[in-house]
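We have chain R already, so just place chain P on it with the hints.
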Amino acid sequence: MPRIVVDVMPKPEILDPQGKAIVGALPRLGFTAFSSVRQGKRFELTVDGEVTEEILAQARNAAETLLSNPVIEDVVNVEVVEA
Amino acid sequence: MTELPLIGEAAAIAANPRLAGATIGVVTFPGTLDDRDAARAVRLAGATPVELWHADTTLRDVDAVVIPGGFSYGDYLRAGAIARFAPLMSKIIDAANSEAKLPVLGICNGFQILTESHLLPGSMIKNDHLKFMCRDQVLRVENNATAWTGDYAVGQEITVPLKNQDGQYIADEKTLDALEAEGRVVFRYVGFNPNGSRRDIAGISNAAGNVVGLMPHPEHAVEAGFGPELGSGTEGLGFFTSVLNKIVGDNK
Numbered sequence: 001m002p003r004i005v006v007d008v009m010p011k012p013e014i015l016d017p018q019g020k021a022i023v024g025a026l027p028r029l030g031f032t033a034f035s036s037v038r039q040g041k042r043f044e045l046t047v048d049g050e051v052t053e054e055i056l057a058q059a060r061n062a063a064e065t066l067l068s069n070p071v072i073e074d075v076v077n078v079e080v081v082e083a
Numbered sequence: 084m085t086e087l088p089l090i091g092e093a094a095a096i097a098a099n100p101r102l103a104g105a106t107i108g109v110v111t112f113p114g115t116l117d118d119r120d121a122a123r124a125v126r127l128a129g130a131t132p133v134e135l136w137h138a139d140t141t142l143r144d145v146d147a148v149v150i151p152g153g154f155s156y157g158d159y160l161r162a163g164a165i166a167r168f169a170p171l172m173s174k175i176i177d178a179a180n181s182e183a184k185l186p187v188l189g190i191c192n193g194f195q196i197l198t199e200s201h202l203l204p205g206s207m208i209k210n211d212h213l214k215f216m217c218r219d220q221v222l223r224v225e226n227n228a229t230a231w232t233g234d235y236a237v238g239q240e241i242t243v244p245l246k247n248q249d250g251q252y253i254a255d256e257k258t259l260d261a262l263e264a265e266g267r268v269v270f271r272y273v274g275f276n277p278n279g280s281r282r283d284i285a286g287i288s289n290a291a292g293n294v295v296g297l298m299p300h301p302e303h304a305v306e307a308g309f310g311p312e313l314g315s316g317t318e319g320l321g322f323f324t325s326v327l328n329k330i331v332g333d334n335k
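For the record, the sequence lines run as chains R and P. So for the first sequence, the numbering used here puts the first residue at 1; every next one is plus one. So for the second sequence, the numbering used here puts the first residue at 84; every next one is plus one.
Bound conformation, chain R alone:
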């Protein structure tokens, strides 16, 4: 069953408090190579059957209207992944 993957990230200009907390925790475990972390969201939309252009357009529309809030987030990727 094919899936449409949607990746959403906080906008670059918006401070990501969760990413900040994670970057603070990494060195405590010895992971010292990372200077910054930003936390986003990944959605997997399963499609019964073939992913047509129309279905992909629906996914893009859903990504902009429900899955992300354009005030604080960007949809950075919408792609089809075959199972």
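None of these hints come from the bench; they were simulated from the model. Hints should not be assumed to be uniformly reliable.
Across the chosen pairs, the derived CB separations fall in these ranges [what the hints assert, rightly or not]:
(1) 236/P to 56/R: 24 to 30 Å
(2) 18/R to 282/P: 37 to 43 Å
(3) 40/R to 314/P: 40 to 46 Å
(4) 82/R to 113/P: 42 to 48 Å
(5) 183/P to 19/R: 42 to 48 Å
(6) 25/R to 116/P: 28 to 34 Å
Stretches of chain P that chain R covers, calculated by requiring three or more beta carbons in the stretch to come under 8 Å of a beta carbon on chain R [said to hold, decoys possible]:
(7) 154 to 164
(8) 197 to 207
Just so you know, even glycine gets a beta-carbon here, dropped at the ideal spot from N, CA and C.
Frame of chain R, contents of chain P only:
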């Protein structure tokens, strides 16, 4: 809604038939917490609360609507994001934008729902310190020309409880400048910014002033002995009396 016994010394306005005829809808979503307190505040202010369920498709002719706090749909996806698409919300959005300009107050999660609904600009993200915070919070009233603040004076400081984790108000600089220029910053945090909100903003309104949203909880400061110790403890009641005066005034 069942009659609630009044505990403490009720600050209710003496029965005024003109006010008692006014109805204020209180919306309940799955996960709403503060609907009972909001309904109680409406009653203490002298009006009749009307229960509205998120799946309803009618506003039951209410004169105003309160969207209370809580964790609608468990805050899944983003706070307020799923509630925004409930059947009742489209009715509220239409009524708020209509010529009748239905007064709508969003408190805490209700404020988050109003921004997700695009009735108010900007958005809330996690508090800058990442923790849930509960405290009595001093606010300054910056605008008393909205439907919900007419009984306050500009510059008046009030103390009401604040309790949230996603309370950091953000918007781009252009939006913030426009809000300030148009007098749409309705409340600002005083003395301490509890969540990192831009420009100490605690609450804002739409351009018409009928839609107001804020993170702190006026409905928890309406009854003597049960509100914040600082101040009278009932300094949130003015929200509800303000809208009633507005409704009654409009119906004259």
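Now for the hints, and whether the structure bears them out:
no. : hint                      : verdict
1   : 236/P to 56/R: 24 to 30 Å : violated, 56 Å
2   : 18/R to 282/P: 37 to 43 Å : violated, 23 Å
3   : 40/R to 314/P: 40 to 46 Å : holds, 42 Å
4   : 82/R to 113/P: 42 to 48 Å : violated, 36 Å
5   : 183/P to 19/R: 42 to 48 Å : holds, 44 Å
6   : 25/R to 116/P: 28 to 34 Å : holds, 30 Å
7   : 154 to 164                : holds (count 3)
8   : 197 to 207                : holds (count 5)
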